[in-house]
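Full structure from sequences and hints, please.
Listed below are the residues making up each chain.
There are 4 protein chains.
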Amino acid sequence: MEHVRRFIAERDMFARHLGIEITEAARGYARAVMPLDAHHRNGVGMAHGGAIFAVADLAFAVACNTRGRVSVNLNTSISFLAPGKCGPLTAEAREISAARRVATYEIRITDGEGTLIAICQATAYSKNQPVPGLASAGTPRSAD
Amino acid sequence: MEHVRRFIAERDMFARHLGIEITEAARGYARAVMPLDAHHRNGVGMAHGGAIFAVADLAFAVACNTRGRVSVNLNTSISFLAPGKCGPLTAEAREISAARRVATYEIRITDGEGTLIAICQATAYSKNQPVPGLASAGTPRSAD
Amino acid sequence: MEHVRRFIAERDMFARHLGIEITEAARGYARAVMPLDAHHRNGVGMAHGGAIFAVADLAFAVACNTRGRVSVNLNTSISFLAPGKCGPLTAEAREISAARRVATYEIRITDGEGTLIAICQATAYSKNQPVPGLASAGTPRSAD
Amino acid sequence: MEHVRRFIAERDMFARHLGIEITEAARGYARAVMPLDAHHRNGVGMAHGGAIFAVADLAFAVACNTRGRVSVNLNTSISFLAPGKCGPLTAEAREISAARRVATYEIRITDGEGTLIAICQATAYSKNQPVPGLASAGTPRSAD
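Residue numbers (this note's numbering), protein chains in the order written: chain E, 1 to 144; chain C, 1001 to 1144; chain U, 2001 to 2144; chain D, 3001 to 3144.
By construction, these hints were calculated from the structure, which means they are not laboratory data. Be aware that one or more of the hints could be misleading.
Footprint (simulated), chain U over chain D, 3 or more residues, beta carbon under 8 Å [stated by the list, open to error]:
no.: 1; region: 3012-3021
no.: 2; region: 3033-3045
no.: 3; region: 3067-3080
Note that the Cβ used here is the ideal one computed from N, Cα and C, for glycine as well.
Written out as structure tokens, the structure reads:
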């Protein structure tokens, strides 16, 4: 867990750029938190769809790499449910199903008032490589 | 077009934070470009899934707001096809179908070498409000 | 509820052709059941992806029309998790979120042994028309 | 091709039950056709969402199995664009991208007048097994 948090904090430059932190991780589960500052907002001052996806993707990346092999994001379907007005945004990723190479996750994103603002259904593919400090968490797939 | 570019450049703080620019916009179409700097990358140095989604979302937002009414993102399915190694990333959104309130778009994202790295299928909902300088481009839906 | 069951049984010819029955319906919720006969199976004898989608779509259609206005399916993302070996297949649709015109549902499909074989994330659009005996349940959208 | 058509016609009982035929297949491509009879329609007389998905799924199944290894459907996102009023419905599946184990397809479904009524984005996983007469075409994934 501390290992995961440190990896994201030190190596994932995009997560750092957006201020995303991993606040919990367990087998098949992770929670990520992101502040909702001016630079996470769109032209009308709400949480940007891209920022909402980003925090969800980080939670998913950590959750699916907890299984010990490098996993990549094949596909994510995100539904936007309500505007995110206040931070921080919290994303929780939970494993729904896992076979040898493919796993499916659900991710729920809430705003600072606890309102559910988006949900995702995501599919991960596990490569035949051990996770080197969660090195490729959430990497869009490379030649598999 | 110039109007759109300026709006994104000045008002969409998330797009600014990621250096995303709108380089073309026409009715039902838009192209957005984002550099691939260190802070757009994940722990293994590839384009971050969240960054790829962000540039796609911006192109989609502009494309669907070109129809003149405030449109919001209901759902986007993104499939990651290949790692993004070099920038800039370019996203092109094209309208596939549009009814009075709902429209469907396809978005293709390529890296600096022209490799197709992701595709999206996205659904937008048009509110009964004129676009005030494209004010809500890509806003996740508020109470409709 | 009895009204709903009768409507599907009498008017939805596709549901009849596949033997799908609505076994429960409440505001924002529905359950549909389908036998797993030879004609619901694919070339290797498992539940066909199309049959799995069909029972899920029926549950979704009924669930979203319980809100009283004609609703249509805009988009459904279905993830297949495990093969369906034995029947009947049961699909349960639950409302995750509902705004004035747009609602989001989750659908879970289990086989006869209770194994979760697929999940869906679905977006419905409500027209400005009262449901005439749930007449258009699950109809892909017409000109809205 | 003839091999494929015969396999679907003889072994895929669900496709038979709906009258779906494979009318063309090439590497990474397939076209399937389904009549639009009373039993393919919903309560208001339009093509049923489940029937539209079924013909799309068959085209996808054949297209992804043309690569020679057993492929299964991991996830499909289907967007409904317009009502299908007249038959036959035609689905064309095209490979967008293919890596060693994972491939992504786009499927377009048109009605008898050539109107685009739905599009799909679909992800397939290739098992390490040769296709035995396309035996598992489109099978939702089994333990991989």
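Each hint, compared with the structure:
{"no.": "1", "hint": "3012-3021", "result": "holds (count 7)"}
{"no.": "2", "hint": "3033-3045", "result": "holds (count 7)"}
{"no.": "3", "hint": "3067-3080", "result": "holds (count 9)"}
The earlier numbered hints are all upheld by this structure, with none contradicted.
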